[in-house]
Amino acid sequence: MQLSFKHLTSTKQLSRADADAILSRAREMDKVLEKGKVDERLKGKILAALFYEPSTRTRLSFEAAMLRLGGQVITADGFQFSSLYKGESIEDTITMVNQYADIIAMRHPEQGSADRAAAVSKIPFINAGDGPGQHPTQALLDLYTIAKERGAIDGIKVAMVGDLKFGRTVHSLTFLLGLYDKVQFVYVSPEELKAPDKVTHFLREKGLAYEETADFSAAFDCDIAYMTRIQKERFTDHSEYERLKHIYVLRADQLKGKKVTVMHPLPRVGEIDTAVDALPNAAYFRQARNGVPVRMALLEMLLGR
Amino acid sequence: MQLSFKHLTSTKQLSRADADAILSRAREMDKVLEKGKVDERLKGKILAALFYEPSTRTRLSFEAAMLRLGGQVITADGFQFSSLYKGESIEDTITMVNQYADIIAMRHPEQGSADRAAAVSKIPFINAGDGPGQHPTQALLDLYTIAKERGAIDGIKVAMVGDLKFGRTVHSLTFLLGLYDKVQFVYVSPEELKAPDKVTHFLREKGLAYEETADFSAAFDCDIAYMTRIQKERFTDHSEYERLKHIYVLRADQLKGKKVTVMHPLPRVGEIDTAVDALPNAAYFRQARNGVPVRMALLEMLLGR
Amino acid sequence: MQLSFKHLTSTKQLSRADADAILSRAREMDKVLEKGKVDERLKGKILAALFYEPSTRTRLSFEAAMLRLGGQVITADGFQFSSLYKGESIEDTITMVNQYADIIAMRHPEQGSADRAAAVSKIPFINAGDGPGQHPTQALLDLYTIAKERGAIDGIKVAMVGDLKFGRTVHSLTFLLGLYDKVQFVYVSPEELKAPDKVTHFLREKGLAYEETADFSAAFDCDIAYMTRIQKERFTDHSEYERLKHIYVLRADQLKGKKVTVMHPLPRVGEIDTAVDALPNAAYFRQARNGVPVRMALLEMLLGR
Chain V
4 MQLSFKHLTS
14 TKQLSRADAD
24 AILSRAREMD
34 KVLEKGKVDE
44 RLKGKILAAL
54 FYEPSTRTRL
64 SFEAAMLRLG
74 GQVITADGFQ
84 FSSLYKGESI
94 EDTITMVNQY
104 ADIIAMRHPE
114 QGSADRAAAV
124 SKIPFINAGD
134 GPGQHPTQAL
144 LDLYTIAKER
154 GAIDGIKVAM
164 VGDLKFGRTV
174 HSLTFLLGLY
184 DKVQFVYVSP
194 EELKAPDKVT
204 HFLREKGLAY
214 EETADFSAAF
224 DCDIAYMTRI
234 QKERFTDHSE
244 YERLKHIYVL
254 RADQLKGKKV
264 TVMHPLPRVG
274 EIDTAVDALP
284 NAAYFRQARN
294 GVPVRMALLE
304 MLLGR
Chain D
4 MQLSFKHLTS
14 TKQLSRADAD
24 AILSRAREMD
34 KVLEKGKVDE
44 RLKGKILAAL
54 FYEPSTRTRL
64 SFEAAMLRLG
74 GQVITADGFQ
84 FSSLYKGESI
94 EDTITMVNQY
104 ADIIAMRHPE
114 QGSADRAAAV
124 SKIPFINAGD
134 GPGQHPTQAL
144 LDLYTIAKER
154 GAIDGIKVAM
164 VGDLKFGRTV
174 HSLTFLLGLY
184 DKVQFVYVSP
194 EELKAPDKVT
204 HFLREKGLAY
214 EETADFSAAF
224 DCDIAYMTRI
234 QKERFTDHSE
244 YERLKHIYVL
254 RADQLKGKKV
264 TVMHPLPRVG
274 EIDTAVDALP
284 NAAYFRQARN
294 GVPVRMALLE
304 MLLGR
Chain S
4 MQLSFKHLTS
14 TKQLSRADAD
24 AILSRAREMD
34 KVLEKGKVDE
44 RLKGKILAAL
54 FYEPSTRTRL
64 SFEAAMLRLG
74 GQVITADGFQ
84 FSSLYKGESI
94 EDTITMVNQY
104 ADIIAMRHPE
114 QGSADRAAAV
124 SKIPFINAGD
134 GPGQHPTQAL
144 LDLYTIAKER
154 GAIDGIKVAM
164 VGDLKFGRTV
174 HSLTFLLGLY
184 DKVQFVYVSP
194 EELKAPDKVT
204 HFLREKGLAY
214 EETADFSAAF
224 DCDIAYMTRI
234 QKERFTDHSE
244 YERLKHIYVL
254 RADQLKGKKV
264 TVMHPLPRVG
274 EIDTAVDALP
284 NAAYFRQARN
294 GVPVRMALLE
304 MLLGR
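Chains as they are written, first to last, in our numbering: chain V, 4 to 308; chain D, 4 to 308; chain S, 4 to 308.
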């Protein structure tokens, strides 16, 4: 199947057919990785990884995905010292990079920058995170992880825990899960960090079942507990951050007898005790690994259109 | 044909035969790029991209050129934090990098650094810009663009517009065009940013026709209008920069009925209105793209000597 | 022969059989490099070069080694701006990178970080320097250089000159040479920079012959004079640094009629006059080059276990 889009800037572009096709291709890519054989289907192709804002995890994952398929990578990380600094527009930078590469993955601190970039790009463009905006490949690898860990997505019950207000990944994943049937949502957060209106409006419009609570234990009986980090940089009031940062800390004893799959976009800074890592529930490092086959799938599908 | 040099540090090294041979090889490389087939003639070779000063455009273009020919790249960008910082000489750094790579492209903020590097390098060395000094691959891609856009170089009329005093690219391109027959030059700048003596002396010595004017419209009837950016960092007096920065801004209406080819080394910061981009005159993004085949040609010719 | 370890964090892990096997494999790799043929025995494999602290020389050498064997590289240099900054533990970062690469080389400013990393890594891990701790691949390339320059290691007489107190390479090389028979040591330093107890204890325990002196000329009659840089950053008292920094400066005239092989881990900042470079005694650039075959050998042996 062909994807319905040339550029991926937001999870909102994805139909269920798109999402299913990507998951299906990612499963094939997982087999490529498991076999450990050299695969060169993207030989001769170049990915430009443009990271105006550093994100080592996302960048290395994209680069590994491209290299695992025999492609090559050119990287610009910490753009602030270069052309941008001299005042070049995103549009000009993207048009320039179009001359050098076959596909672009861009991380940028400004919301909307990905749409501006995609509007001028003649080669496929992937948003690798635009500030508080979208980070669709993270949402897709989250979705792939759910499918892999639980067998199916339809009908599952997902708890999102922590910073639901600023947590970009929580919003994107909600929109993506909305494509599936009878997914139930539990939003666990303190009052100050509740999911914003755009998320709850979406749920009501779609007629999806959800509850909101501050009670952490509500997460343990779900299929998925999606933990998030409370980000210091989101708070203007330091004392509020100090009060909330460790409001939900997952310990191994809380998971005793529970089948819940624990996810986290990483990095964690104390939200999950390291003793949890050894439990079968702990899926967050497998989740990180899933970034590679999902991005391999996207790179191949977008380059092959 | 073999090039007459092992290292490329300045356009002044180039004979017309050298320049023609590079343009001819660049045309072949363009065909390699157009076919989109995997080319591996530099397989097993390593380019060291040493950027003491960041220049994303030039670096990515060199790296893409090397990768498009099946070669590999090792990169050091933002050298200030590393050995250099510990006081190592350029000579020692270059001798060290000779142990790791097969060819070097170096950007450095100090004029003369490229000559020092080339003097000790046993592997081919390419100057990718040494401060206010030379940037020969930029001049070569400019020359290639003129040849490609206008069919021939002999006899053409070229306007250079903007900062002709500090604009390194304007100086290098003038020297290179001086190798060709009956090229006419029009230098368009405010009094404060006129071409320096080294340029006008060169033109008079060679007996080349040139005029100097502050009138922007003189550029529109030439074959080429080579626009440049007025660089803030060249001014000690901020108000002078503010007065001059937008002295020549090219708008689409000024090009109505004109066949002039508009070039710019990029990045632009307002010298060319974005509405110009859609006109056939606008060659600056094609010019950026030409950096790839020209650098492919140089890498192959220098490695093949 | 198989190495006795999966991860290389310290020279103390190495048996003589390990060291000999690595030198033997490095000699094969030297032949690969001399032939200049494309070698692809690590095709499809990815090295993650994680440099929390910049070290251009070590990083480029590791990257070149991987590329020379047909492998690929993903690099994170200047980690401070990324996840680490958000407070991620070394253990989590290494576990994450395990998902993307097949082998890791890490440089980190904190002593002990390499052991922490190796403890959680499921893929082979190489310490590329952990602060004042260990830098085993430097010691191995030093050892390989001695073997190559002098034909054999058993029975040689080695002078270590300069900062023997803080000089990590001097300590590591001493431990490694202790695996061989009848090596004699001469430690040349000012009183303030004498080799620490851990080194002299080691020598006495092993029953190895050594002398300590402040007299530079003692080095010239040895087989090897291993020069080191006096590092500014090790001194709290600036005037002491100024007094000691040029206490031992090697000049060409001092080597007249001498067969001593001069080594230096580089960068040098004045300890060896550049006129020495042309003498056959000067082995330090060949030493830098030896980093490539030694690292090629290690990468292949660890990936092939």
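Hints are not guaranteed to be accurate.
Which copy is meant is left open, so a pair is good if it fits within one copy or across any two.
As a list, the in silico SDA-like pairs of lysine to any residue whose alpha-carbon atoms are at most 20 angstroms apart [to be verified]:
(1) 38 - 307
(2) 46 - 33
(3) 38 - 185
(4) 261 - 135
(5) 209 - 276
(6) 259 - 30
It is worth saying that the hints were derived from the structure and are not from the lab.
Now the hints, each set against the structure:
1. In the homo-oligomer, the alpha carbons of residue 38 and residue 307 lie at most 20 angstroms apart only across protomers (16 angstroms), although the nearest pairing inside one protomer, at 23 angstroms, exceeds that limit.
2. For the homomeric pair residue 46 and residue 33, the shortest alpha-carbon distances inside one copy (19 angstroms) and between copies (19 angstroms) are both at most 20 angstroms.
3. For the identical chains of this complex, residue 38 and residue 185 are neighbours neither inside a copy (35 angstroms) nor across copies (49 angstroms), given an alpha-carbon limit of 20 angstroms.
4. In the homo-oligomer, the alpha carbons of residue 261 and residue 135 never lie at most 20 angstroms apart, since the shortest distance is 33 angstroms inside one protomer and 45 angstroms across protomers.
5. Taking the shortest alpha-carbon separations for residue 209 and residue 276, neither the intra-copy value of 36 angstroms nor the inter-copy value of 45 angstroms comes in at or below 20 angstroms.
6. In the homo-oligomer, the alpha carbons of residue 259 and residue 30 never lie at most 20 angstroms apart, since the shortest distance is 31 angstroms inside one protomer and 55 angstroms across protomers.
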